[in-house]
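Each chain is listed here by its residues.
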Amino acid sequence: MNFYHLSELPEPEVQRLVVRAAALGHGKPAANLGTSALGLFFLAPSLRTSASFQRAAAQLQMQLIQLNGGSVWGLETRDGITMDGEAAEHVKEAAAVLGTYVDVLAVRAFPTRKSLQEDLGDPVMKAFMQHCSVPVINMESTRWHPCQALADRMTLDQIGVPQRGKMVLTWAWHPKPLPHAVPNSTLTMAAQRGMDVVLLHPPGFHLHPDVIQEAEFLAHTNGGNLTVTHDRQTALQNADVVYAKSWGSLDHWTDAAADSQLRQPFRDWCVTPDWLHPKTKFMHCLPVRRNVVVSDAVLDGPASVVVQQAANRLPAQTAILESLLSPVLQK
Amino acid sequence: MNFYHLSELPEPEVQRLVVRAAALGHGKPAANLGTSALGLFFLAPSLRTSASFQRAAAQLQMQLIQLNGGSVWGLETRDGITMDGEAAEHVKEAAAVLGTYVDVLAVRAFPTRKSLQEDLGDPVMKAFMQHCSVPVINMESTRWHPCQALADRMTLDQIGVPQRGKMVLTWAWHPKPLPHAVPNSTLTMAAQRGMDVVLLHPPGFHLHPDVIQEAEFLAHTNGGNLTVTHDRQTALQNADVVYAKSWGSLDHWTDAAADSQLRQPFRDWCVTPDWLHPKTKFMHCLPVRRNVVVSDAVLDGPASVVVQQAANRLPAQTAILESLLSPVLQK
Amino acid sequence: MNFYHLSELPEPEVQRLVVRAAALGHGKPAANLGTSALGLFFLAPSLRTSASFQRAAAQLQMQLIQLNGGSVWGLETRDGITMDGEAAEHVKEAAAVLGTYVDVLAVRAFPTRKSLQEDLGDPVMKAFMQHCSVPVINMESTRWHPCQALADRMTLDQIGVPQRGKMVLTWAWHPKPLPHAVPNSTLTMAAQRGMDVVLLHPPGFHLHPDVIQEAEFLAHTNGGNLTVTHDRQTALQNADVVYAKSWGSLDHWTDAAADSQLRQPFRDWCVTPDWLHPKTKFMHCLPVRRNVVVSDAVLDGPASVVVQQAANRLPAQTAILESLLSPVLQK
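Residue numbers (my numbering), protein chains in the order written: chain P, 1 to 331; chain G, 1 to 331; chain A, 1 to 331.
Everything labelled a hint here was simulated from the structure, so no lab data went into it.
Note that this is a predicted model, so its numbers are computed, not measured.
Be careful, since some hints might not be right.
Covered stretches of chain G, going by a simulated chain P footprint (3 or more residues, C-beta under 8 Å) [claimed, not checked]:
1. 56 to 69
2. 90 to 96
3. 99 to 109
When the alpha-carbon atoms are kept at most 30 Å apart in a straight line, the in silico BS3-like pairs for lysine-lysine are as follows [stated by the list, open to error]:
4. P:176 / G:176
5. A:114 / A:28
6. A:126 / A:176
7. A:114 / P:114
8. G:114 / G:28
9. G:126 / G:176
10. A:114 / A:126
11. P:28 / P:114
12. G:176 / A:114
Where a beta carbon is used, it is the ideal one built from N, C-alpha and C, also for glycine.
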């Protein structure tokens with residue numbers, strides 16, 4: 001059993017994780033998983049995820065094994081390839097071997113942007129899940145960031161957003177074309193929660209149709225609603241939460257210059273106080289570029305809950321580790 | 001309460017830390033801080049500091065969270081800036097978030113040399129202290145290296161240098177313009193100890209007037225004395241300790257070529273045996289360039305206590321962690 | 001006492017390590033070395049070695065101190081040199097200082113290929129052993145990879161290869177000239193085990209005469225045999241094990257282009273199923289380049305034991321740590 005995508009879990013299971021995470025956040029002691037080992041394998045940068053998983057392991061008294069991309073061999077993920085290029089190791093061996101050293105392996109791997117088709121297949125994470133004999137946790141892949149989604153769902157409860165409350169997930173300007181994992185996971189998380197979800201972005205910056213379709217299904221199943229729009233003013237009306245995030249255009253996935261030109265007119269997609277009603281909360285997964293994605297006034301004001309979101313990563317991930325290694329605790 | 005600059009502490013508090021560090025060094029068991037977590041955040045290279053803090057945490061049974069600059073997002077420290085450059089994260093968020101994961105956060109950040117004014121403000125360390133909700137330990141900032149200073153003070157006691165003994169802090173040649181944190185902290189530490197302190201350097205390589213003024217005040221308060229001179233021969237007479245260190249010129253802070261030219265005539269500022277009396281001990285914070293800053297003959301001879309200084313980092317930092325997290329122990 | 005080269009140990013001692021490692025592999029509890037600290041210092045990339053040593057330390061309840069080349073100062077190893085180049089720290093200081101922080105220090109350092117003579121002297125590992133006051137473990141040096149050799153010897157027993165069985169250590173094509181540590185250690189390990197060892201490589205890719213001589217002596221002493229040949233067909237007859245590994249030419253150690261030209265005709269030195277008899281097992285130390293060093297068909301088929309070799313690194317290294325820190329356990 002892996003933890004790959006939050007919305008793969010049935011809703012009662014997600015709720016159980018949120019309840020357990022909240023209890024841990026309130027000081028309930030974590031399980032003692034002292035004979036088990038957690039492997040953290042970062043093929044991309046991290047601050048919150050790395051720090052919070054290290055602390056989660058410590059609180060669970062787990063043994064910790066850490067590797068990062070800068071100090072291991074380059075990894076190949078394609079099947080059947082003749083490895084005479086840069087990559088010195090195939091993920092088949094890396095995953096199989098690490099599975100003999102640890103009891104659960106958490107992996108982060110970002111898109112390479114060499115091919116949209118390839119990135120949509122989530123090759124590194126899929127390969128680790130296929131070739132590793134122990135549970136794999138997705139610490140952000142090309143497609144999903146389920147740990148963030150769980151922490152965010154916990155945060156929505158904490159700040160009193162009603163189950164059917166309105167969340168606007170809005171695109172924001174950014175100098176670089178960023179991955180889709182966070183918007184994908186935020187959209188499906190909010191839809192599964194049964195919220196009134198509005199996806200707001202300028203033309204050309206849609207999310208993948210498969211993700212939209214999944215979010216629509218989740219919303220429908222759980223009593224919520226999904227709207228996709230370019231109309232900022234209507235979208236923001238009566239929002240309980242504005243969740244900002246930048247992402248790249250799927251139409252120019254391998255062409256950063258074309259993406260840059262496409263987004264050039266949308267530099268004003270920076271969340272400023274006038275985007276928010278007095279009751280609206282502001283969310284972002286961090287790291288965030290100040291006065292680019294969101295203004296100082298919003299981030300430093302009472303609307304922002306971004307630090308609370310990040311703080312919730314710790315109990316959320318502790319609950320995930322417990323559920324994989326000591327599942328009876330969650331029942 | 002932070003541990004930013006050793007000489008900010010009242011003298012009795014420094015003495016208490018030295019006594020506790022010495023006891024720990026003699027095998028006294030460290031406190032059990034097993035429910036607390038230490039975060040180590042290195043934005044610059046480290047060997048001694050990283051290794052000794054890792055061991056200190058282990059001896060204190062602390063949980064350990066480690067991050068380094070190479071595997072996190074680029075950090076912005078300026079207020080009010082539009083973050084459309086390289087930095088993807090503001091220290092405001094990084095500090096606030098890390099403060100939710102750990103109980104004490106130790107940070108290393110070297111000067112960027114883009115602006116002397118900016119570096120004098122110690123922007124990264126100050127920002128962490130301002131925005132982090134838990135105590136911050138300075139593992140070497142633009143201005144100070146208090147962990148080194150505490151270990152060095154402990155070493156002075158161990159090697160029997162009298163309180164009013166003579167320490168010569170001498171500039172040495174080096175191919176690069178190095179930061180001022182160590183000379184600043186060494187000078188103020190020795191002055192606060194009440195020593196006869198001589199600061200020796202060639203023209204153009206003065207320390208900052210604020211540091212000199214603070215050292216003069218500390219010397220005056222504690223019965224010591226401070227002399228600044230370019231005259232090597234007089235300076236070295238009857239020295240109990242010669243502490244060598246290279247540093248860059250404040251007059252050419254952002255211009256490495258001009259600094260290089262200014263130091264070019266001073267290549268003979270390399271400590272050789274003739275600099276030392278039979279009783280003189282040689283100190284350096286390490287890493288040290290052999291036969292550039294100091295000759296093999298000195299470093300491999302009986303005068304050198306550089307390894308002892310480095311070894312003292314472990315009990316010194318263990319005492320610092322205890323004092324921040326379990327202050328009653330120190331009283 | 002260091003762990004530098006497996007075949008330095010008398011055969012009964014090697015057998016004792018293998019027996020202990022096998023017991024640990026079968027779930028026998030490891031010793032509690034909870035007051036001791038292990039330092040891991042990687043000056044070159046690692047996946048298996050780093051992960052398995054981290055886990056070994058955890059299972060032994062050891063304190064763990066980790067450093068890697070990317071986040072420390074550049075190291076100088078030459079004696080008497082004027083350090084005005086890139087290296088900021090001499091290994092003399094680094095080794096002496098780390099010896100004050102840990103109880104056993106494990107080091108990885110690959111050849112620099114600036115000079116064959118220098119690399120043959122194994123300068124970094126030798127310097128650490130000379131200047132460090134605690135036992136040093138070789139995690140792969142210019143000359144030897146003893147942890148791999150011990151795990152491999154354990155694997156040979158597990159897969160039922162008779163003591164006098166036939167092992168072919170074969171060169172394989174690879175785009176880069178790789179170090180000799182693994183072939184050197186594999187050859188001497190198999191010879192010391194008393195096997196019928198065949199070293200197979202194309203002209204120009206011999207191992208160093210000193211290694212051949214040592215392997216011949218070990219084979220002779222322990223009832224085995226060593227043959228060196230370019231004749232692939234004869235070599236592979238009746239092999240119990242084919243151990244593949246690529247390495248660079250000693251004749252062009254500092255000239256990658258000349259090495260590349262020399263190996264150019266040997267691109268067909270890739271182990272394919274027709275190299276193996278039905279009973280032949282395939283071994284490799286990993287990482288391995290698929291369809292370059294060995295074909296998918298071999299690696300994914302029943303002959304391959306490469307993951308088992310890697311898995312054995314954990315109990316092998318646990319036994320090594322026990323033998324250095326708690327030697328009575330091994331007796």
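Quiz item: Can you list which hints this structure breaks, lowest number first?
Solution: 4, 5, 7, 8 and 11
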